[in-house]
Amino acid sequence: MDQGATSRRERGALVVATLGIVALVVGQAPGRIVPETKLEVALDPIGFLGRALDAWDPSAGFGRVQNQAVGYLFPMGPATALGQALGLPPWLVQRAWIAAVVVASLWGAHRLARAVGVSSAGGRVVAALAYALAPATMAVTAFQSAGQLPYALVPWVLVPLVAHRDGDDPRRTAARSTLWLVAMGGVNAASIVAVLPLVAVWFATRAPGRARRRLLAWWSAGAVAASLWWLIPLAVSVGHGVRFTDYTESAAITTGTESATEVLRGTGNWLSFLTTEGGLWLPGGWLLSSSALA
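At position 77 of the sequence shown the residue is numbered 77 (my numbering), and the sequence of numbers has no breaks.
A couple of the hints might just be wrong.
Taking CB as the label site, the calculated pair distances span [claimed, not checked]: (1) Val-126 x Asp-54: 42 to 50 angstroms; (2) Asp-169 x Glu-249: 14 to 22 angstroms; (3) Glu-258 x Val-126: 44 to 52 angstroms; (4) Thr-276 x Pro-208: 48 to 56 angstroms; (5) Val-193 x Phe-244: 18 to 26 angstroms; (6) Arg-171 x Glu-258: 35 to 43 angstroms; (7) Val-126 x Ala-260: 40 to 48 angstroms; (8) Asp-169 x Gly-63: 42 to 50 angstroms; (9) Leu-24 x Gly-122: 19 to 27 angstroms.
Worth flagging that the hints you see were computed from the coordinates, not collected in a lab. In this text the structure is predicted, and so the values were computed from the model without any measurement. We treat Cβ as the ideally placed atom computed from N, Cα and C, and that holds for glycine.
Could you put the whole structure together from the sequences, leaning on the hints where they help?
Here it is in C-alpha cells:
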C-alpha cells in the first residue's frame, strides 16, 4: 500500500481515538461538576481570572496571599471563560477542557513517535494511546487537569528538538519548543520541573560541540522567558504565603503509596488511596490502583 494511504489510515485512527476520548470524558456523570482544586474556575471563570491578577485575596478570612491562582491565567482560565461566554453549562465546559488535555497528550505523543523514527504507523498510534491513557495521569487528570498540563505538553516541547538538524536555526528551534512551556501554566511548578529532565536527557545525548551549546543557550533563555509570567508571582507566594502543604500533603504522605510496584504500574498517586468520611476521594483513581489490569 502506498505511503499516502497509510498516512490517511493513521490519521483516521487518531481521529477515531480522539472522538472516543471525547465521548468517554463527556459521558462521565453528565450534569455534575468535578471538584477540581479551584472550583471557582468552573463556576465563575471570568470573575476568578479578575481576582487572580492580584496577589492578595481579601475574600478569605482576614485576607491571604493567593496560592496558584495566577497559574490559571493561561490556558485553563481563558478556555473555561470562553465556554461560559458561549453559554455552555459549566459541567460541559469542564469536560471539554479535560478532554482537550488528554487529546493534547495523544497527538503530542504521536508527533514525538514520528520524530524519533518509530516506523510502524500502528506502533505510533498504540504508543500515543498508551501515553495519553496511562494510569499515572488518568487517575488524577479529572481532579487536577491544569496540573497535568506539563505531562500533556512535554511531547510538544520535545518534538522541535528531536526534529532539529545540523544547519537549522537554533533560535527558531528553541522558540518552537519553549513556546509550549507558556501553556504548561504555573499551577503546579513541581510538575514542570519533573518533566524537564526529559529535555536534559535529549541535550545530554547530542554530540558535544558549538551547535549543541548554542541550542542549549537559546533553549534555556526561552524557557526562562516563557515561565516568567508565573515564576515571579510564585516567588511572591513563597515569600509571603502560608506553607499549607506541610499540613495537607507532606512528603511522607505523598510518597507513602509510591512502592516500587505501584510506580511501575503508574498507580501510586496518593490521592487515589485517600479516604474521607464521604468515601473515596478519587473513586476512579482507586479503581485503577486496585485493578490487576492497570
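Quick rundown of the hints versus the structure:
The supplied range of 42 to 50 angstroms is met by Val-126 and Asp-54, whose beta-carbon atoms lie about 47 angstroms from each other. Checked against the hint of 14 to 22 angstroms, the C-beta distance between Asp-169 and Glu-249 comes to roughly 43 angstroms, which is inconsistent with it. Evaluation of the 44 to 52 angstroms hint for Glu-258 and Val-126 yields a failure: the beta carbon distance comes to about 27 angstroms. The hinted range of 48 to 56 angstroms is satisfied by Thr-276 and Pro-208, whose Cβ atoms lie roughly 53 angstroms apart.
A C-beta distance of roughly 20 angstroms is found between Val-193 and Phe-244, which places it inside the suggested range of 18 to 26 angstroms. Our hint of 35 to 43 angstroms for Arg-171 and Glu-258 holds, since their Cβ atoms are close to 40 angstroms apart. Remark: the range hint 40 to 48 angstroms for Val-126 to Ala-260 is contradicted by a beta-carbon distance near 26 angstroms. Look at Asp-169 against Gly-63: about 49 angstroms separates their beta carbons, and that is inside 42 to 50 angstroms.
The hinted range of 19 to 27 angstroms is satisfied by Leu-24 and Gly-122, whose Cβ atoms lie roughly 21 angstroms apart.
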